[in-house]
Amino acid sequence: MSQATLRVQKISGHAGTVPGEDTQREYAVCKLIDTTTCIGCKACEVACMEWNDLPFGETTFDNTYQTMPETRWNYWNLILFNEHQAEDGSLMWLMRKNQCMHCADPGCLAACPADGAIVQYTNGIVDFQQANCIGCGYCITGCPFDIPKMNPKTNRVFKCTLCSDRVSEGLEPACIKSCPTGCLHFGSKEDMLDQAEHRAKQLREHSNYPHAGVYDPQGVGGTGVVYVLHDATQPELYGGLPSNPSIPWTVKLWKGPLKWLGNVAMVGGLIGLFVHYLRFGPKAREEEDMQPHEGKEP
Amino acid sequence: MSHADQLLPHGHVLRYSFRERLIHWVAAFSYIYLLLTGLAFWSPWLFWIAIALGGAPVSRMLHPWFGLIFAFGVFQMYVMWSSQMGVTDTDKAWFNSIQYYITNQDEKMPPAGRYNAGQKLLFWGFVTCGILLLLSGVVLWFPERIPWSFRYLRYIAVLTHASAALLTIGLFLIHIYMGAFAERGAFGSVIRGDVSLAFAKRYHPGWYKEIVGESAQPPRK
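Top line first, the protein sequences correspond to chains A and B. If you use this note's numbering, the first sequence corresponds to residues 1 to 298, in order. If you use this note's numbering, the second sequence corresponds to residues 1001 to 1221, in order.
These are calculated hints, taken from the structure and not from any lab test. Hints are not guaranteed to be accurate.
What the hints assert, rightly or not - Taking lysine to aspartate or glutamate pairs in the EDC-like style, the calculated list, with each CA pair at most 16 Å apart, reads:
1) K283/A with D1106/B
2) K283/A with E1144/B
3) K42/A with E21/A
4) K283/A with E1183/B
5) K153/A with E1144/B
6) K252/A with E236/A
7) K201/A with D231/A
8) K149/A with E1107/B
9) K149/A with D231/A
As the list claims (entries may be wrong) - Reference excerpt, derived from the structure (chain A facing chain B, CB under 10 Å, subset only):
10) A43
11) V46
12) M49
13) A111
14) N132
15) G135
16) K153
17) R279
Claimed, not checked - Between beta-carbon pairs, the in silico distance windows are:
18) I1131/B with D191/A: 52 to 60 Å
19) G221/A with L1173/B: 33 to 41 Å
20) W1124/B with L54/A: 45 to 53 Å
All residues carry an ideal CB built from backbone N, CA and C; glycine is no exception.
Chain B with its partners taken away, still in its complex shape:
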């Protein structure tokens, strides 16, 4: 157990350490820049975004560098969290009853641990797409350096980059929706780091048992 998961006064528990929060926002802000400039290059109807962000040539120049920052963030997340993201039987049961999760009948859900199966899907989705985006992105960064005999790399890269980016947009939208709208308290947890014990019990009963059980001292009020 990391230095996260400490019980705090007033019935709260530290869910995300400073390092976890910092890395999350490094990845988040770089992703948002990549999303905006990427959408500008995706559709002529959104090309104005690149102009608003300092001009399309500037966006083209900075997009790969922000991509490296994002890749760094995803790599750090992998280092921090991959050991907690293993798929368990509970996760399979969770997906089988996902209709209850969608319709806010959380009491019918199998008890999730520190991360529920949806969060694990988000994590592995971003790790996989992050690798694909990085590899195809390097090709797209210097297309003129790819020799003609290796042109298939370019052909694969344009399709891979767009497809993987679209997948992350789907994950991203659900992530924002869950974190900022559906689960009240989740957004604050990645800013301040803490959640209430009620939050822990409601959304992560397995984790809640773990921290309350492991704690030597009872939670203070």
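Chain A with its partners taken away, still in its complex shape:
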């Protein structure tokens, strides 16, 4: 696997700066998913398993067009299905291809304590390096999209790589290549947002979707996967897509102010105790307390 174009810009659990940080800039890549043209064929699910050499596992039939309830450690790409009844009584089948969103500000990476277990490349792809993973599962807590999944046998966490190996060779991700309706697109973030806005405008002006819009949540700095939704005011309808996702505030507090406060308190405490000993010393000389009362009983 060539990593010629995969330079790292963020490293989890890393002391000091990122080697080579800011020496080179790249276009952020982006996957565009137009939910309005998805027919739920699952070609992307199969392509994902094939390219990433994931074993075929058991599926769950629950009387819907959904393969299983949620993504798994070895099933990274899942089309979520929702039969939605609009206010006028009409039915809509909402299909949303769910996978890692490749956040610009990834909660998994912020929470991860293992050096180099999660990296973000300069093209924006967030990738797990299982060789460096310690199996703590903090990424699961940090992720606002419920994406990282643990392999119970190896205690390593897996998720969509945005086919970083293909992208580094100038190819589009496997899911994009397999899509028969053209609802999936891949390119620079700029171009994909442009195309998404164009499509949303088309839906608003030429179709009966006045609330159509683009999902690119700013709470996580924007994402490397953007959606076009028929109704951007209700993203929850699409398999629980959070309307305003962000890194959990407890994770931010823990990795931010609490870390600084704790470090200052620990180092300050050590220095304080040492200085106290220099100034005041022991409460009594050892020999005073070790000696028996030589006839000086009270």
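Assemble the complex: chain A is given as a structure, and chain B must be docked to it using the hints.
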């Protein structure tokens, strides 16, 4: 009165029974392992500790098990000592004159019993933080088993675990400092079990009166 507090030859008194000493060191060694591996996961600058202790995945795997050992130790301490750790009026007076304790003017302190108010604070601090660490630690042990609808448990657990651990580190540092440096003879008492009567009188006058008064036979030399 337990089988501790027996007067020993050469002006000594048994302060900690074998069981008390053993439990103390079970908790102490497990705590030190938890502290080191916990600090490794706390800061990237200390991640090397986990590598030195056999690798970070090993540290991640063993940390919860040592946590159970530590929780067992704290529970045993609670069973042994909680009845002696009630806060008294003397303890309140002790805290009000803590500046004399800090500046080694112990003669100005209210007479402490078997445990002074600071030791009681340490005890209750470790019991409280121990419970918080155990509860949050169970969540952190299996974060992938927590359903998405209960994700707030995970959010609370990461913050609780780190905060409670930091509080115990503060207590731990003071405990080591008092036991190993400030009060000469205290460290030996939790190894051999005994302290001199002079130690008892200096640091725990209330306890000293109790043991000398209760003793049928006068202390032998």
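* Violated hints - listed by number, lowest first -> The structure conflicts with hints 2, 3, 6, 8, 9, 10, 11, 12 and 16, although it agrees with all the remaining ones.
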